[in-house]
Every structure is written in structure tokens, then in C-alpha cells.
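Now for the letters of each chain:
Number of protein chains: 2
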Amino acid sequence: MKLAFLGLGVMGYPMAGHLAKAGHEVTVFNRTASKAEAWCREYGGARRDAPADAVAGADIVFICVGNDDDVRGVADGPRGALAGLKADAILVDHTTASAGLARELEQQAKAKGLGFLDAPVSGGQAGAVNGRLTVLVGGEEATFRAAEPAMRHYGQAVTLMGPAGSGQLAKMVNQILIAGIVQGLAEGLNFAVRAGLDANQVAGVLSKGAAQSWQLENRAHTMIDGKFDFGFAVDWMRKDLAICLEEARRNGSSLPVAALVDQLYQRVQARGGGRWDTSSLIQLLAEP
Amino acid sequence: MKLAFLGLGVMGYPMAGHLAKAGHEVTVFNRTASKAEAWCREYGGARRDAPADAVAGADIVFICVGNDDDVRGVADGPRGALAGLKADAILVDHTTASAGLARELEQQAKAKGLGFLDAPVSGGQAGAVNGRLTVLVGGEEATFRAAEPAMRHYGQAVTLMGPAGSGQLAKMVNQILIAGIVQGLAEGLNFAVRAGLDANQVAGVLSKGAAQSWQLENRAHTMIDGKFDFGFAVDWMRKDLAICLEEARRNGSSLPVAALVDQLYQRVQARGGGRWDTSSLIQLLAEP
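Chains A and B are the protein sequences, given in the same order.
So for the first sequence, the working numbering puts the first residue at 423; every next one is plus one.
So for the second sequence, the working numbering puts the first residue at 423; every next one is plus one.
Mixed in with the good hints there might be a few duds.
Heads up, the list lumps identical chains together, so a pair's fine if it works in one copy or across two of them.
In silico DSS-like pairs for lysine-lysine, Cα to Cα no more than 30 Å straight-line [stated by the list, open to error]:
(1) Lys-534 x Lys-649
(2) Lys-649 x Lys-424
(3) Lys-630 x Lys-443
(4) Lys-424 x Lys-661
(5) Lys-508 x Lys-424
No lab work stands behind these hints: they were computed from the structure.
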């Protein structure tokens with residue numbers, strides 16, 4: 423199958439690589455051309471200097487960039503992906519973006535006879551490299567079925583959540599859950615240390631019961647050690663929480679803890695931790 | 423071994439039952455005598471009308487009551503457990519209470535030549551019935567070793583966390599973690615419903631990734647259905663959070679989310695939900 427991949431960041435680079443390794447003919451585009459050159463050297467695909475050229479003749483085109491504006495930057499305009507796609511092609515957006523953008527892009531795609539799926543992922547850089555991402559998809563069933571086999575090359579779970587925008591909405595739920603879990607974990611571990619407990623032992627014992635979470639099992643020890651130079655960055659989390667809070671304003675949801683945690687992440691950014699892992703919330707509590 | 427069990431509530435009743443079923447000679451005391459009579463009919467042990475009488479001759483005495491004052495009510499005074507215990511006996515307090523009380527009781531016990539362990543449990547009524555509780559123990563190692571085999575009859579994990587009070591402190595960490603997890607889950611599931619997603623499907627998919635938690639796997643579906651007439655009650659959780667917040671004031675911990683969630687539970691109590699499961703936080707968000 424002829425594929426195109428637009429955006430070779432920490433997620434897109436290995437995701438596009440999985441498609442090439444599976445034997446697909448992959449053409450790539452990246453704003454910073456040197457990244458695309460490196461990718462072609464590693465995986466042997468072709469690269470183009472504009473999205474419209476990269477997607478020419480492709481059956482499915484994947485976008486994985488930073489935010490709503492970045493998606494519009496590669497999809498819209500005379501050199502954009504929508505201008506270059508052949509009829510019946512499918513556009514898949516893996517960016518974590520707003521549900522409104524997903525609905526707009528589906529409209530634009532339909533007007534040109536194209537299919538569209540919003541398909542944000544979770545699982546982080548490790549999941550992208552290992553091909554074990556969770557892909558949360560919004561769109562029409564037939565479009566989903568056509569694109570699903572390709573996404574399985576990097577997705578261990580690829581699920582249609584509902585119509586266009588539903589992938590983004592499900593990803594927002596994911597981030598809302600994580601906000602509560604990580605701040606609760608930060609408060610609990612900091613309390614454990616200040617109370618004179620062996621915080622690592624406490625984490626191990628409590629992971630057997632009702633306080634268990636993926637974050638407790640995978641982040642408690644690094645949080646206790648104050649290691650944050652890895653993982654899903656605070657800057658990205660704040661971008662995602664902004665989308666959650668805006669959508670909540672629209673659908674009438676109350677998010678008291680997610681809103682509070684967003685403000686706490688602002689303090690992490692202010693002290694230079696924008697690139698730290700989201701578990702760095704504990705830093706705000708660890709001071710004397 | 424000759425044992426005594428003081429307090430036959432939803433937790434103590436089945437816990438004492440496990441000790442009797444294991445072949446120990448168990449004498450019980452309960453403030454409401456009819457509960458003790460029922461227990462004796464079911465398990466064949468003896469009952470006494472005062473703690474001092476129930477503990478006479480016992481090697482280990484277990485307390486499992488409501489709060490600090492209730493513990494003092496059965497431990498102190500001329501008819502209390504401390505007055506009736508023989509030298510070298512061990513007093514184990516399974517109540518979730520303050521770390522300060524644990525340290526006080528250890529002092530009182532030592533002065534009489536007795537051993538003491540604070541040993542709050544987690545796992546709820548189901549864990550007590552099935553003998554699968556997590557027991558978080560504070561106290562001296564030799565005392566722990568002597569009492570551990572008996573506690574194994576209802577504890578799948580029985581762990582010494584440190585000196586007297588450490589069991590209570592570890593239990594507090596557990597409740598702090600749960601406060602963040604459950605409120606995050608309430609916000610996320612309510613958001614999912616309002617966004618038009620299939621919230622049960624979202625819960626299932628997200629439980630494969632970094633937002634996974636015991637609460638997501640075991641409470642999401644009942645939360646979506648608005649079922650709260652089971653589980654660990656809001657009244658008990660508020661009692662525990664009060665202990666956490668008081669201890670945090672002492673050790674210099676900041677608990678912004680735990681304090682907020684405690685206030686949210688106040689709202690659940692105000693609408694008559696004091697006996698609802700802790701997952702009932704979602705009720706506050708579900709209104710029009």
C-alpha cells in the first residue's frame with residue numbers, strides 16, 4: 423500500500439518506521455528536513471519538501487504533529503495534504519488535538535471525496551518505538567476498517583470510539599484520569615517521605631490494593647528519586663489539559679481537579695520543567 | 423493460641439471468624455451485645471461484656487473499631503483491654519486511627535510489659551470476608567513476628583512498615599492516592615458521558631494504558647450506572663482524610679487535591695450519601 427507520513431517527531435518517526443518495516447511504500451514530510459533525511463536513511467523511504475507532494479498517489483496519509491495549528495499547517499493551503507490527496511484516499515490525524523478540529527477536517531475531507539479519522543495515541547515514545555500504542559479513533563466505520571490494518575503496525579489496541587472527534591474526546595478522558603492519579607500519587611509519596619516511611623516499600627505494598635494504578639507501578643520509584651528527564655512532557659500535558667478544559671466549558675463538565683492540576687503544571691513550567699515527565703508534580707511538594 | 427477480638431463490625435466480624443475457623447480459641451467483645459451473640463452462634467467462641475474480661479488470658483488481642491475515641495473506649499479504663507491483659511501479651515489495633523494514638527498505645531503497653539502493633543487494613547468488607555486484606559503494620563520486629571501468623575488468616579499481605587504509627591501512616595498514603603484517583607475518574611467519566619462517548623467502552627480501552635487503575639477497572643461501570651449502595655463508605659473516608667490532613671499539618675506535607683476531595687465528600691454527605699461508596703463523587707458532577 424502507498425502511504426504518506428507527515429510529522430516525524432518523537433512519536434511520528436518510529437510510527438512511520440513501523441509502516442516502512444511492514445513493507446509499505448512510505449513517503450514522508452517533516453518541517454525540519456534533516457529529520458526526514460535521517461528517517462529515509464534509516465528506513466529507505468522517500469521524502470518531499472511539501473505535504474501536497476508527499477501525499478501524491480497515497481492511499482492513506484498519517485499526520486502526527488504538535489497541535490491544532492500545526493495540523494492545519496500541513497493539511498490546509500495550496501501545498502497542504504488536502505490539496506494533494508487523490509480521491510478515495512484516507513487522512514488519519516494522530517495528533518492530540520481538539521474534537522472541533524477533527525469535525526472540521528472531516529467536513530473538508532468529505533467535500534473532496536476523502537475519508538478522515540481522528541486517531542490520537544497514548545503509550546508515549548516507548549509505545550511508539552515498541553509498536554504498542556493505544557490508538558483512539560473517531561470517524562466512520564468503513565473508513566476505520568480500511569485504515570485499521572496499517573495502524574495495527576504500531577497500535578496494540580486500535581479502537582473506533584464513535585464519529586469524528588470521538589478519538590480526541592476519549593484521549594481527553596485519558597488525560598483527565600491521569601491528572602488526578604499523578605497529583606494524588608505526588609501528594610501521597612511526598613507525605614510518605616515526610617512521615618518517615620520507606621516510600622518505595624509503601625508504593626510496593628499499596629500497589630496490591632485499591633490504590634493501585636499504572637502510575638504507581640511505573641512512576642513511584644522515579645518520583646521518589648526525583649528523576650523526571652524522560653517520558654511525557656509537562657508542556658504537552660498542559661496543551662492537552664487546555665483542550666480538555668475548553669471542551670468541558672462547551673459540554674458542561676466540571677473538572678475541579680484537572681483544572682487545579684493544570685495550574686500546578688504551570689508552576690512546574692515556571693521553574694523550567696516544561697520538558698520534564700508529568701510525574702514531576704511531586705517537585706512542587708518536595709521543597710522545605 | 424488463645425485470642426480475643428474486640429469490635430465485630432463489618433470488618434471485625436469476619437476477621438474474628440477467620441481466626442476461629444483456623445482453630446484458635448477466640449473470645450469476643452462488642453459494644454452491641456447482640457452482634458457478639460450472633461458471632462458466637464456462627465463461630466462457636468465465647469463472649470464477654472467488658473474488654474478486660476474478654477482479653478483475660480489471651481496471647482494476642484485484636485481491636486477493630488471506628489476511630490481514635492472508640493479505640494480508647496475499649497483499651498483504657500478499669501474495664502478496658504490494657505487493664506485485663508496478662509504480661510507478654512500483644513495488643514494489635516486494626517482500626518484506621520491516628521499515628522499519634524498508635525505511639526501513645528505503644529507507650530502504655532510497654533509500661534505494662536505488653537507488645538503493641540498498629541495494623542490498619544485495606545481491602546474493604548469483601549477483603550475481610552474472603553481473607554484477602556492488606557495489613558499495614560507498625561511496631562517492633564519481634565512483636566510483628568509473633569502476631570503475623572494469626573493476621574495471615576485474613577491478610578494476603580501483612581507487612582511491617584516501620585515503628586509504631588507506621589501502619590497508620592502507610593494507610594493514610596493509601597487514602598491520599600485513592601482520593602486523587604477517584605475524583606479524576608469521576609471527572610473523566612462524567613466528561614465522557616457529556617461528550618457523547620460510550621463511557622463503558624472508554625473505561626475498557628483506557629484501562630490498557632497509563633490511565634489504568636484498580637478504581638477504573640472495578641468502579642467505572644458502577645459509577646456510570648450511578649450505583650453506590652456498597653463498598654467503602656464516604657463517612658469512613660472523611661474520617662480517614664481528616665486524619666491525613668491533621669498528620670500533614672504536623673509533618674509539613676501539602677495535600678491540595680486530598681483537601682479538595684475531602685470537601686467534595688462533605689457535599690456527598692450533605693445530600694445524604696454518607697453511607698454511599700467513595701466512588702459516589704461522580705454524583706456531584708452528574709447534575710444538569
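Any hints this thing doesn't respect? Which numbers, in order?
Numbers 1, 2 and 4 - these are the hints that the structure violates, sorted from lowest upward.
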